Amino acid sequence: MNWQEKALALLERTLKPIPQELNEMDWKGGLSNDKERLAQHISAFSNLSGGGTLVFGIHNDATFAELMQAEIEKTVTRLDNIAQNRMSMPIQIEHAVLEYEGHPLLFVHIPEAREKPVHLRGGDIYNCYIRSAGHTVKAARQFVRRLVAESEGVTYEERSAKSGLTPDEVLRLLDYHKAFELLGRQVPSTSEAVLSFMEELGICSKEIVGYMITHLGAVLFAHSLAEFDNMQARAVIVRRYVGNNNRQLLWEQKGVMGYAVGLEGLISFVMKNTGSEKIDGAVRELVPTYPRVAIREFIANALVHQDFDVKGMPITIEIYGNRLTITNPGYSLNDVNRLIDLPPHSRNEKMAQLMLQLGLCERRGSGVDRAVEAMEKMLLPAYKAESGSNFTRVTLYPLKPLAEMTKEERVEACYQHCCLTYTDNATMNNQSVRERFGLNKNQSTIASHIIADTVAKGLIKSSNPDSDSRKFVSYVPFYA
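According to the working numbering, the sequence shown holds residues 205 to 684 in order.
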């Protein structure tokens, strides 16, 4: 698929079902006289993984504008001039006039730069821009430093968390026993063999003088994150509030250990503090409010997909009377409406791979489909995912009778159910929707109304639009 085909497919995603500009694409009704702003867009797309595309001929309200040939030529000339002469390095842009639903549009593709950051000429490297939540914004200083490090080929995981260490200090600071336990291997009899294997995992490395523990090693295997400079800020915080808002804090618990060491304990802690006790005679039983697999998957996702360059924002799990939220630093790299089906796009690839190897992630996927499946079995409402300029948040809700669900909650649950069936290579129908909401055969009309509302929202569509049969109609997500 060439860039033009990708751009048309991306445009379809930005316009339907709900118009929204994405990081990879920005609409323009026409050519702006603000050359500075155009340069900022070129900088932002050059710094974006995979680059991005400006589309001329679409207003901000997603209506189409008429483009004249003279305006197209003027736009291409101006953008090419800016890309060649106003950036810190020449950027080779490409353009094409393509038709979309009968409307000719000008697509200008700005490729990802090999060396980053790309900034505006005449300023320093901090005069650069990025795409965030579908907008072009000035890059924070920590993001610029990250671009520089990535350009030099050194990721956050590979950077030093503590250096100049003796072998004994490395073994004291890291819970290497946990690493071998998770991998199902026996701990070697010599420290040299232990350190050699830890080097293979990328959690430490031998230097000219002593050993270095990488960020990857510290964040996953530290006995205490506080032993490493700036790593205590990576500890997960769990908060419990009184009622349904955050005005009255009941308690706060801050994590101490690395993620691999403490993940199972963290999951059990959250399960205990969100569940309720059932007493049967002398036996106390914990009745979970949320499925353990959902808690595990969403916490693991928050750990893997966090942006370590966002300062002052730890991963936070907040327990309210009517919901549970899991927030991680960094905007979502995937469309939050497509978390069930899209393959994961991780900021921290080495960490994702090692957590998979350790069995902390179920498979090379987001795991959201497994979470949704478990939530459906408990008849819980749909999860809610949202992403801002520097955060991603997932909210889970406890059991709620269908009669108490809002129309929006029913529609979202139906859409997520349709996405789940589609990933299973199946289609959604009235029967599966009844099962999703715990309805019986006599309540098929209720299921039909929920399906109709979801179709009207543009989130699902008939799997066979040419069929006249209404009895056996089935549905797939809008993106199918």
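Watch out, some of these pointers could steer you wrong.
List of simulated lysine-lysine pairs, DSS-like, C-alpha gap at most 30 Å [said to hold, decoys possible]:
| # | residue 1 | residue 2 |
| --- | --- | --- |
| 1 | 604 | 342 |
| 2 | 382 | 232 |
| 3 | 220 | 588 |
| 4 | 588 | 665 |
| 5 | 382 | 278 |
| 6 | 611 | 554 |
| 7 | 458 | 661 |
| 8 | 588 | 382 |
| 9 | 482 | 410 |
| 10 | 210 | 232 |
| 11 | 458 | 554 |
| 12 | 342 | 476 |
| 13 | 604 | 581 |
| 14 | 458 | 482 |
| 15 | 665 | 581 |
| 16 | 645 | 604 |
| 17 | 515 | 458 |
| 18 | 482 | 554 |
| 19 | 342 | 278 |
| 20 | 645 | 581 |
| 21 | 476 | 410 |
| 22 | 661 | 210 |
| 23 | 410 | 210 |
| 24 | 458 | 220 |
| 25 | 554 | 382 |
| 26 | 554 | 581 |
| 27 | 220 | 515 |
If you are wondering where the hints come from, they were derived from the structure by calculation, not from laboratory data. Since the model is a prediction, treat every value here as computed from it, not as a measurement.
Going down the list of hints, with the structure as the test:
no. : hint      : in the structure
1   : 604 / 342 : violated, 43 Å
2   : 382 / 232 : violated, 53 Å
3   : 220 / 588 : holds, 19 Å
4   : 588 / 665 : holds, 21 Å
5   : 382 / 278 : violated, 62 Å
6   : 611 / 554 : violated, 41 Å
7   : 458 / 661 : violated, 41 Å
8   : 588 / 382 : violated, 34 Å
9   : 482 / 410 : violated, 53 Å
10  : 210 / 232 : holds, 18 Å
11  : 458 / 554 : holds, 25 Å
12  : 342 / 476 : violated, 42 Å
13  : 604 / 581 : holds, 13 Å
14  : 458 / 482 : holds, 28 Å
15  : 665 / 581 : holds, 24 Å
16  : 645 / 604 : holds, 21 Å
17  : 515 / 458 : holds, 17 Å
18  : 482 / 554 : violated, 42 Å
19  : 342 / 278 : holds, 27 Å
20  : 645 / 581 : holds, 18 Å
21  : 476 / 410 : violated, 42 Å
22  : 661 / 210 : holds, 25 Å
23  : 410 / 210 : violated, 44 Å
24  : 458 / 220 : violated, 42 Å
25  : 554 / 382 : holds, 18 Å
26  : 554 / 581 : violated, 33 Å
27  : 220 / 515 : violated, 34 Å
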